[in-house]
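There are 4 protein chains.
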Amino acid sequence: MTRVGVIGATGYAGAELVRLLCGHPGIELTILTSRQYAGVAYDAIYPAMKNVTRLVCEEMLVDRICDKADVVFTALPHKLPMTIVPDLLHRGKRVIDLSADFRFKDAVVYESFYDSHKAKDLLERSVYGLCEIYFERIRNADLIGVPGCYPTSVLLPLIPVLKSKFIDEDTLVADSKSGVSGAGRSLSLATHFCEANESFKPYKIATHRHNPEMEMVLTRETGAPVTLTFVPHLVPMNRGILTTIYAGLRQKVTVDNVVDCFLSFYSECPFIRLFNENKSPDTLYVRGTNYCDLGFKIDERNNRLILISAIDNLVKGAAGQAVQNMNIMLGLDETTGLLGVPFPV
Amino acid sequence: MTRVGVIGATGYAGAELVRLLCGHPGIELTILTSRQYAGVAYDAIYPAMKNVTRLVCEEMLVDRICDKADVVFTALPHKLPMTIVPDLLHRGKRVIDLSADFRFKDAVVYESFYDSHKAKDLLERSVYGLCEIYFERIRNADLIGVPGCYPTSVLLPLIPVLKSKFIDEDTLVADSKSGVSGAGRSLSLATHFCEANESFKPYKIATHRHNPEMEMVLTRETGAPVTLTFVPHLVPMNRGILTTIYAGLRQKVTVDNVVDCFLSFYSECPFIRLFNENKSPDTLYVRGTNYCDLGFKIDERNNRLILISAIDNLVKGAAGQAVQNMNIMLGLDETTGLLGVPFPV
Amino acid sequence: MTRVGVIGATGYAGAELVRLLCGHPGIELTILTSRQYAGVAYDAIYPAMKNVTRLVCEEMLVDRICDKADVVFTALPHKLPMTIVPDLLHRGKRVIDLSADFRFKDAVVYESFYDSHKAKDLLERSVYGLCEIYFERIRNADLIGVPGCYPTSVLLPLIPVLKSKFIDEDTLVADSKSGVSGAGRSLSLATHFCEANESFKPYKIATHRHNPEMEMVLTRETGAPVTLTFVPHLVPMNRGILTTIYAGLRQKVTVDNVVDCFLSFYSECPFIRLFNENKSPDTLYVRGTNYCDLGFKIDERNNRLILISAIDNLVKGAAGQAVQNMNIMLGLDETTGLLGVPFPV
Amino acid sequence: MTRVGVIGATGYAGAELVRLLCGHPGIELTILTSRQYAGVAYDAIYPAMKNVTRLVCEEMLVDRICDKADVVFTALPHKLPMTIVPDLLHRGKRVIDLSADFRFKDAVVYESFYDSHKAKDLLERSVYGLCEIYFERIRNADLIGVPGCYPTSVLLPLIPVLKSKFIDEDTLVADSKSGVSGAGRSLSLATHFCEANESFKPYKIATHRHNPEMEMVLTRETGAPVTLTFVPHLVPMNRGILTTIYAGLRQKVTVDNVVDCFLSFYSECPFIRLFNENKSPDTLYVRGTNYCDLGFKIDERNNRLILISAIDNLVKGAAGQAVQNMNIMLGLDETTGLLGVPFPV
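From first to last, the protein sequence lines stand for chains A, B, C and D. Residue numbers are given in this note's numbering: position 96 of the first sequence equals residue 231, and the series is strictly consecutive. Residue numbers are given in this note's numbering: position 243 of the second sequence equals residue 378, and the series is strictly consecutive. Residue numbers are given in this note's numbering: position 149 of the third sequence equals residue 284, and the series is strictly consecutive. Residue numbers are given in this note's numbering: position 324 of the fourth sequence equals residue 459, and the series is strictly consecutive.
So here's chain A without its partners, still in its complex pose (with noise of 0.2 Å):
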């Protein structure tokens, strides 16, 4: 049985890792670092863990990790992945990265909006581990650049009906709405509960570091240039991305349209479920799973497409994609161990 370690297990995407690798019925959860509570019992930093994983925090090891594990898990603030990922992929272990260190082909992007990059002959050969759109370069690869969670949002409704020219390209606006875990476990009082609770705002108003990232995506996809204009705001709640999408049309569009659009387009993917026109997507139906919920309407007084998406930020925006990544690169159908049914409330 495949052998797993997570490295940086006690941040909220590392315990969203824990949560859904302890349920993987295909793989065995072997390590845990954290540099924070090394020595420390898993279940003493998560009490809900008790009885469910007797393991330790440890320090971040290459040797122990190696010993340990055959794929690993690095969910670490962006800049300490790519101190470590080289030398994990020179023992011939496969790196499931969450930051945004091996998202960007081109290092200068990130730079420009992260760090220097230490790592750069690794990036052209990571993938970017958007699972609905690159399944077939994720099953060869050894390294995965896991995308963040408002690009997830943004890129599954966004990029089958910019490929099919429905809509045009210079036109888009994406208002995305984030519940609180979506900022970690770090504490700062934009996250305390008083100042979140009872309060919505924006931040980063078209700023977030996360804009480059769709943009190269998009750019890829359809052969052009693509930017798009992105707000980001805070929702007092635990989990979930809502993401509304605005796009002007370039030709008149009918409901069927757009849904033979996203239906043949998503065809094979388990993961992707379609709202007709009369009914929304809500945070509330895809919390605790791997679901991408897509939405649309048209507005025909404006001419414009109006698209819909929400996931749960922890999962199909962090952790949750990362495991379907593992299960597409060892073989495993890519549903195993993300198939928990989802909550009524």
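Under 10 Å between C-beta atoms, here's a sample of chain C residues computed to sit facing chain B:
1) 315
2) 316
3) 323
4) 325
5) 328
6) 330
Hint data in this document are derived by calculation from the structure and do not stem from the laboratory. Positions of the beta carbon are idealized from the N, C-alpha and C atoms, including for glycine.
Mind docking chains B, C and D on chain A? Use the hints.
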């Protein structure tokens, strides 16, 4: 002292009117009516009001209302005000209506989104109560149609920049997010705690009844037909609307241009607070207040102007703006009774 | 494979049953009924279930149910199960009822808190489905009365210490706090988002119908009459009950005494997790799980033992415990389908 | 007009003081200090205060404070006030301290739960600022120790019935539930949005520092040693404390007995609101107000009296009570500036 009555005092807008009027130093609140709770003490319906008011809800009887009040607020579902407002006006009362019944000049528009109109002859006489824009007309009015909550949040940021010709009126998108009190006190599955909590979703996508109201005002103000795409969303919090508006720029503008535009346009307006480019409005900052906070960002890459507004939907979006109208009509300072200090959290 | 039906599948307890049964590897879910939604696809009522189940809600017809299912869960308001359960039993079905109808041995007690009983002859046959206490009886039962959510949270911490004679049964106080889903999916002002949010309050103080249920079991287990003061409160969250119990100590006890008492009593019980004296249970840790977390503190100054329990009211407090009963009745491992890994947040 | 300063104006209690003092018609707020934000405009820290105050936070310099203010509120972590209060008193200022530093008469008790005391000579001079009980002493005081939030919620319901000899003082249990703002604005994992949301838990079970404070006052008021078991819990909401008290009855009492006891004891107290036996207090009803709502239930079966109190922890539990103390000291009506009308939701 002016005697004031509230028709429909037990819905959320009505209750917020009662809150503001009980604390208003320039008037006396003399009568409350409620179809559902006639005969019940107001503080039995809202126990928070124990020791604050001893008023008892009454039936909606025109004679009784006219005996008790000089100014009448109607906070009823649309279609009901038009059945009683003509009588009230006929008896010389001034009426401030919070429904949609007297917002439109053109009965056809009203009828296509609401119902058949029974008091069309009053539409010309009625003034649209957006105080920052129609102050002079309000002063001399005896019938006010208080703007909807969403239109208030869209019109206040948009009118100045549209009138400044900065933006292209064919590119307008307004993405609004509202707390649950906007849906009123009536029971529905959508407002059941367990279904609204930990949920974020759009509704009435590009088909909301506030859409024509916005377009009517924008068209009137700019002198040319304006349409916009409007999508409202439901946020798991009690109060607040935050609207994000996306508009294509006609020309290059600077931060100073936009700041000047707003500051000069709203120089006399005590409830408009302009945030600088690096700090966004937040519904938390306006909770319980009559402020409309404005923010903006120039998205140079995409040649768009992004506008942000935040209001409390029950105050500036309903009861507070209604009281502001009353103040103006009565010749009081427009801030009277509306300067309660906001909560820090 | 055992075929299973859920009668009353669209309330929250029913929906949680559907969630757990859809993920249960040892049975097949074959029929759902709903008085309100007969004829409607289940995923139209709970869109989260899209792609998860294709079942359509049906009328509650005994013949049809008996054709389709070997085990039947009844998740109906009390008074309704007693009208259908006799028929189901007569046809040889095993029935697990989530209402109060089959919890009491003494119809007089039931009738004084609920309604007149129409199936009194079944009360002796029915087994009270508190699995950790009545495992053996459940194994051989064909009719289970699943305990109420509050009683589960009170009985599991209290029975071991009462049987150990540590505490004085005349001193018992149970102060419980429940998430809003405990009030069900029916609409009411108390569960309207705006009224429940930012609110905390008790209800049915010392008069809740779960009070006699607790006392019946405690009396049976200790062999002498036990009464207790029980006060439930409503917490602004979806799921979870936390109960704090105060009990006078008969004698001096040590931390080890209490730990030993629980560990020995629950040594075979996979869903009981004992927290040490310095860490308290939290509803967050049990959300979505069938665990009952227990904690305690000895208040030496006041000679009291304080017990804490936390459960998910919809799982261990309803649907999860119901499935645990089914597992036991069917000879499956009692944890089958109930070990979904908890969310970190 | 009396000039007032707030030392420690940026924590939640300090910010709530600023809110109340900005709206107070009888004083002038002249100086704010903050260790963390000295030099920063107050409305940059709390943007809600834009246009409300132009004050800028200053360093905590005694000379400057004494120049600017006649009355000084100290809203600092315990241990800090005792370093500055002696100087302020020496200069003839009246001081209202919101920490624990001046609540105790006996330094030994303080030191066993907090720290070594540096200003023991002031303890006798200081008055415990529970206004409904110590009104006369407060009138003549120049140093007030404002009660803790939990003690306020426990003492106000308990003192009248204890003094009436209804209840047995050996049986007292107080189960309190507080909103998250009670934990202050300092960052911690316990107050991180994702960890506090959808969570309910007790903390510092029977070991909270407010326990001896309650017992000190109860003992003083009854003339005999009183102890009680006190357990605080954290509720996922911003504001409010609801306390449920369980007390054994010495004798049979009627509803009228209890009502009479409260009404006569609090006949002169404008902030006490007594609810009848069939309606419970709710934190929602007191949000933002200085009210302490009281309710009760006689549990005849178990011969206990159950008392309920609800306050806003930041108002009657901190800043509001502090202002009420100031009003009394200054000979103003005690309600001045404290009668803001509560929100309906």
